[in-house]
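For what it's worth, my numbering labels the leading residue of the sequence shown as 1, then goes sequentially.
Honestly, I wouldn't trust all of these hints.
In silico lysine to any residue, SDA-like type, Cα no more than 20 Å apart, as pairs [what the hints assert, rightly or not]:
1) 19 to 30
2) 33 to 169
3) 19 to 84
4) 19 to 172
5) 33 to 121
6) 33 to 103
7) 161 to 29
8) 19 to 39
9) 19 to 29
10) 19 to 132
11) 19 to 42
12) 19 to 177
13) 33 to 163
14) 33 to 99
15) 19 to 154
16) 33 to 108
17) 33 to 84
18) 19 to 47
19) 19 to 61
20) 161 to 33
21) 161 to 12
22) 19 to 133
Think of the hints as simulated: they come from the structure by calculation, not from any bench.
Note that the coordinates shown come from a computational prediction; the quantities given were computed from them, not determined experimentally.
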Amino acid sequence: MEAFLVSTGVVALGEMGDKTQLLAVLLAARFRKPWPIIAGVLVATLINHGFAGAVGGAVAALLGPDLLRWVIGSSFLAMAAWMMVPDKLDDAPAGNSSRFGVFGTTVIAFFIAEMGDKTQIATVALAARYADLFAVVAGTTLGMMLANVPAVFLGDQIARKVSMTLVHGIAAAVFAVLGLLTLFNVGRLF
1 MEAFLVSTGV VALGEMGDKT QLLAVLLAAR FRKPWPIIAG VLVATLINHG FAGAVGGAVA
61 ALLGPDLLRW VIGSSFLAMA AWMMVPDKLD DAPAGNSSRF GVFGTTVIAF FIAEMGDKTQ
121 IATVALAARY ADLFAVVAGT TLGMMLANVP AVFLGDQIAR KVSMTLVHGI AAAVFAVLGL
181 LTLFNVGRLF
């Protein structure tokens, strides 16, 4: 249960203000069909995070527990620093053509935008940290949905009322705490 809950919380916070969340708002404004967008986000996230989790599991199998602890702890600290860099939608796919329909456009755009993104890297690190791949991928996927479903329905109103700087600061603090706990092997994490 810990792998699921930590994965959900880390990704939900990490996704706030992320380029894929901005993409969700953009797609909602363009297509005005929330359910195919939400389904597309779910499918793209399951595929993307499934692959990321498999990579994380493979990394864990290759490294010994001591080296793995340092790699994961350092990765979480790097994620804390990265959270403080605001995302821009400029490097996300333009999606000007809707020849794939709302669902297909969302799946393709989200899958591409999520490649190398903070939440994908976090999924790799979480899967390396926790042995339960299903719990990690389910948790990271739920975290993505918790952040993006409201963005699809309420994107403009949320963006005006919530300080993304504060949200990024909280997410950075969570990543930093996880990194330090891992590095110092608090609670016998490994």
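Structure-inconsistent hints, enumerated in ascending order: 2, 5, 10, 12, 13, 17, 19, 20, 22
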